[in-house]
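If you're matching positions, the sequence shown starts at 93 in our numbering and goes up one per residue.
Hints in this document: simulated from the structure, not taken from any laboratory. Given the structure is predicted, the values throughout are model-derived calculations rather than measurements. One or more of the hints may lead you astray.
To be verified - As a list, the in silico BS3-like pairs of lysine-lysine whose alpha-carbon atoms are at most 30 Å apart:
1) Lys202 - Lys190
2) Lys202 - Lys145
3) Lys190 - Lys145
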Amino acid sequence: QRLHALSEAEVLDLRTCGVDDAHRQSLLIFRQVCRVNAHRFGLGAALFATASKASHSCRPNCRMIECGDALEIVALHQLAASELVSISYISEEQVLLKDTESRRDYLWEKHCFICRCERCSSPD
């Protein structure tokens, strides 16, 4: 399994594009942050000050909706005052419906973490 969010080709691209060592490290970190925290938006992806900090759950209590040039977090049910806002980082519904191992594999590959949400911590 990979230990970083970028493929070897992406890291090599940074080495061959003429960026000096000092800036290359900053670009590498930026690309890793984007890979893990950016949300699909329009035809690309974007980092949002609030939405990019939302926690993941395989049984989320909120979802993201594109609204023009903004991204809205919408509750799926009434949230308790102490309840943490969670969204699913799994964008493909068929993956979200799969077993724990499949969801964890997807999240490791796409977002570089092993899910320990309530659903993944319970037997399938």
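Which earlier hints turn out false for this structure, listed by number in ascending order?
none
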